[in-house]
Amino acid sequence: MVHLFQQGGLNIVADTFSGSIHVVDDAAFDVIGMFEDHSREEIIAAVSRKYEGDPEVTPEELGECYDEVASLKEQGKLFAEDTFAPMAGALKERTSNVVKALCLHVAHTCNLNCSYCFASQGRYAGERAVMSFETGKRALDFLVENSGTRRNLEVDFFGGEPLMNFDVVKQLVAYARSIEKEKGKNFRFTLTTNGMLIDDDVIDFANRECSNVVLSLDGRKEIHDRFRVDYAGNGSWERIVPKFQKMVEARGGKNYYMRGTFTHANPDFLKDIQTMLDLGFNELSMEPVVCAPDDPSALTADDLKIVMEQYEQLAELMLQREKEGRPFTFYHYMIDLTGGPCIYKRISGCGSGTEYMAVTPWGDLYPCHQFVGDEKFKLGDIWNGVSNEAVQSEFRQCNVYAHPECADCWAKLYCSGGCAANAYHATGSITGIYESGCELFRKRMECAIYIEAKKRLGM
Amino acid sequence: MKHIQTLETRNLCESAKNGGCGECQTSCQSACKTSCGIANQKCENKKAE
Chain W
23 MVHLFQQGGL NIVADTFSGS IHVVDDAAFD VIGMFEDHSR EEIIAAVSRK
73 YEGDPEVTPE ELGECYDEVA SLKEQGKLFA EDTFAPMAGA LKERTSNVVK
123 ALCLHVAHTC NLNCSYCFAS QGRYAGERAV MSFETGKRAL DFLVENSGTR
173 RNLEVDFFGG EPLMNFDVVK QLVAYARSIE KEKGKNFRFT LTTNGMLIDD
223 DVIDFANREC SNVVLSLDGR KEIHDRFRVD YAGNGSWERI VPKFQKMVEA
273 RGGKNYYMRG TFTHANPDFL KDIQTMLDLG FNELSMEPVV CAPDDPSALT
323 ADDLKIVMEQ YEQLAELMLQ REKEGRPFTF YHYMIDLTGG PCIYKRISGC
373 GSGTEYMAVT PWGDLYPCHQ FVGDEKFKLG DIWNGVSNEA VQSEFRQCNV
423 YAHPECADCW AKLYCSGGCA ANAYHATGSI TGIYESGCEL FRKRMECAIY
473 IEAKKRLGM
Chain R
7 MKHIQTLETR NLCESAKNGG CGECQTSCQS ACKTSCGIAN QKCENKKAE
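Order-wise, the sequence lines are chains W and R.
The opening position of the first sequence corresponds to residue 23 in this note's numbering, with each subsequent residue numbered one higher.
The opening position of the second sequence corresponds to residue 7 in this note's numbering, with each subsequent residue numbered one higher.
Calculated from the structure, these hints are not laboratory results.
The C-beta atom is built at its ideal place from N, Cα and C for all residues, glycine as well.
There could be a bad hint or two in this list.
As the list claims (entries may be wrong) - With a Cα cut of at most 25 Å, we get these calculated SDA-like pairs of lysine to any residue: (1) W:Lys265 / W:Asp430; (2) W:Lys477 / R:Leu13; (3) W:Lys203 / R:Glu29; (4) W:Lys276 / R:Met7; (5) R:Lys8 / W:Leu479; (6) W:Lys95 / W:Glu115; (7) W:Lys207 / R:Asn51; (8) W:Lys207 / R:Asn24.
Stated by the list, open to error - Reference listing, derived: stretches of chain W covered by chain R, where coverage requires no fewer than 3 residues with Cβ under 8 Å from a Cβ of chain R: (9) 45-59; (10) 91-104; (11) 166-178; (12) 372-379.
The task is simple: from the sequences and hints, build the whole structure.
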């Protein structure tokens with residue numbers, strides 16, 4: 023399967039199953055487009071007609087071009103066959119029997135009252151609660167006990183707002199550090215925060231212990247304050263931005279994400295990216311809101327058109343700033359073509375429900391943070407392990423080939439079937455797809471590949 | 007005249023031989039939390055080709 027697209031004056035061909043990327047001229051673009059369904063003669067005749075009068079595109083040249091394409095096919099770099107489908111289940115099995123990452127819900131409560139919050143203002147449709155040290159400690163032990171030979175273990179302090187239970191967070195990190203050498207493990211901690219409670223103590227702790235911090239900021243003040251308000255209805259932008267700036271500066275400007283959400287209120291989210299840049303942040307992530315289609319903040323079909331254009335403009339802005347020596351990163355445009363994930367990862371996906379689980383404040387296990395609160399997805403608890411084998415089995419079998427709609431998608435080995443929670447919420451099945459999310463994802467991959475191609479070609 | 011420039015990329019078929027060590031970062035654990043994608047993950051397999 024190949025995907026041909028044009029962006030910023032480049033003709034780009036992505037070959038799905040080999041992972042190869044080619045930048046081609048106009049004639050080759052046409053030849054590749056016809057290659058699988060037409061003979062050499064038919065292609066040369068058709069493309070010759072299209073470029074009639076162009077001295078550069080002679081039948082001889084087109085013959086050479088055809089042979090170039092045929093040679094790449096022979097080398098397995100174009101029209102590569104799908105050899106992965108028969109082993110998809112086995113590939114995921116190989117990584118499905120260990121737990122390597124936990125999302126620790128240390129606080130099911132929040133000091134902000136954002137109406138678009140998927141976690142219902144941190145409560146996850148339940149009671150407000152914070153995790154005790156004993157529960158968190160047991161969660162870390164559960165992770166170590168179930169991690170097999172994995173050395174790198176990830177723990178994200180999540181909420182609600184995790185800093186509302188900061189003392190426990192600190193104690194848990196101290197406990198993990200006290201056992202990691204003896205257990206042969208390397209804990210990587212991350213913290214996802216709205217910033218309200220950041221102070222010098224938090225900054226010192228996060229810079230010492232957290233490999234990454236995720237800081238929630240929606241960009242422009244009026245956009246941010248539209249949703250991210252406290253319980254009195256006051257916007258939080260003025261209070262958190264100076265704290266974020268101090269924290270990022272103290273981290274040397276590295277290992278953080280300024281993470282925003284765009285909604286129906288700001289499909290023109292590039293302005294919010296620009297605001298983040300103007301504030302001195304340059305490791306950025308902006309996510310489309312995840313909510314029911316009838317929610318007032320949901321992106322409409324018209325919004326999606328704007329978002330698509332914004333993604334292209336964002337790619338140009340990144341290239342321009344790179345040239346100017348002022349680069350910034352955008353999480354969804356980070357793509358490592360030479361050192362990226364192996365085929366196991368590409369088929370298995372995020373690992374929710376198998377390698378990755380969420381732990382509630384009272385120690386229940388869920389496939390991921392987005393399923394927390396939906397009782398039928400409860401997998402078990404950290405004391406007795408996974409007891410709901412039926413649900414875990416569904417997740418174990420959920421790989422990119424388990425999604426019927428992904429069969430014809432060129433980008434499937436970049437997304438590995440997408441987010442199980444989004445699929446479930448959109449279709450009622452974790453092997454469904456979240457179509458509008460897919461459209462945006464494909465666009466982001468085109469932009470990411472385009473940026474990489476331009477950089478590689480020195481353009 | 008060359009019509010096609012091929013960018014260097016990881017050979018996915020080859021990665022089936024030594025891949026699957028599982029040491030890489032969980033996809034959405036530390037950044038987005040609301041959408042999946044593995045393209046931006048770094049391989050951490052020391053034996054990977």
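**Study point:** Straight-line alpha-carbon gap Lys276 (chain W) to Met7 (chain R), limit 25 Å
**Key:** Given that 25 Å is the threshold and the Cα spacing comes to 44 Å, the pair is violated.
**Study point:** Distance restraint between Lys207 (chain W) and Asn51 (chain R), which requires alpha-carbon spacing of 25 Å or less
**Key:** 16 Å, holds
Exercise for review: Would you check the hint for Lys207 (chain W) and Asn24 (chain R), treating anything up to 25 Å between C-alpha atoms as holding?
Suggested key: 22 Å, holds
Exercise for review: Check whether three or more residues of the region 166-178 of chain W sit with their beta carbon closer than 8 Å to a beta carbon of chain R.
Suggested key: holds (count 5)
Practice item. Given the hint that Lys203 (chain W) pairs with Glu29 (chain R), test it: the Cα-Cα distance must not exceed 25 Å. Key: 17 Å, holds
Check your understanding: Has the given pair, Lys8 (chain R) with Leu479 (chain W), been kept, meaning a C-alpha gap of at most 25 Å?
Key -> OK: Lys8 (chain R) and Leu479 (chain W) at ~15 Å, within 25 Å.
Point to revise | Proposed proximity, Glu115 (chain W) with Lys95 (chain W) (alpha carbon, max 25 Å) | key: Violated - the C-alpha atoms of Glu115 (chain W) and Lys95 (chain W) are around 31 Å apart, more than 25 Å.
Point to revise | Proximity test - 8 Å, beta-carbon atoms, the region 45-59 of chain W to chain R, at least three hits | key: holds (count 6)
Exercise for review: For the pair supplied as a hint, Lys477 (chain W) and Leu13 (chain R), confirm whether the alpha-carbon distance does not exceed 25 Å.
Suggested key: 11 Å, holds
Check your understanding: With a cut-off of 8 Å between beta carbons, are at least three residues of the region 372-379 of chain W near chain R?
Key -> holds (count 4)
Check your understanding: Within the assertion that chain R covers the region 91-104 of chain W, do at least three residues meet a Cβ-to-Cβ distance smaller than 8 Å?
Key -> holds (count 5)
Check your understanding: Are the Cα atoms of Lys265 (chain W) and Asp430 (chain W) separated by 25 Å or less?
Key -> The hint is violated at about 46 Å.
Checked against the numbered hints given earlier, this structure breaks hints 1, 4, 6; the rest are met.
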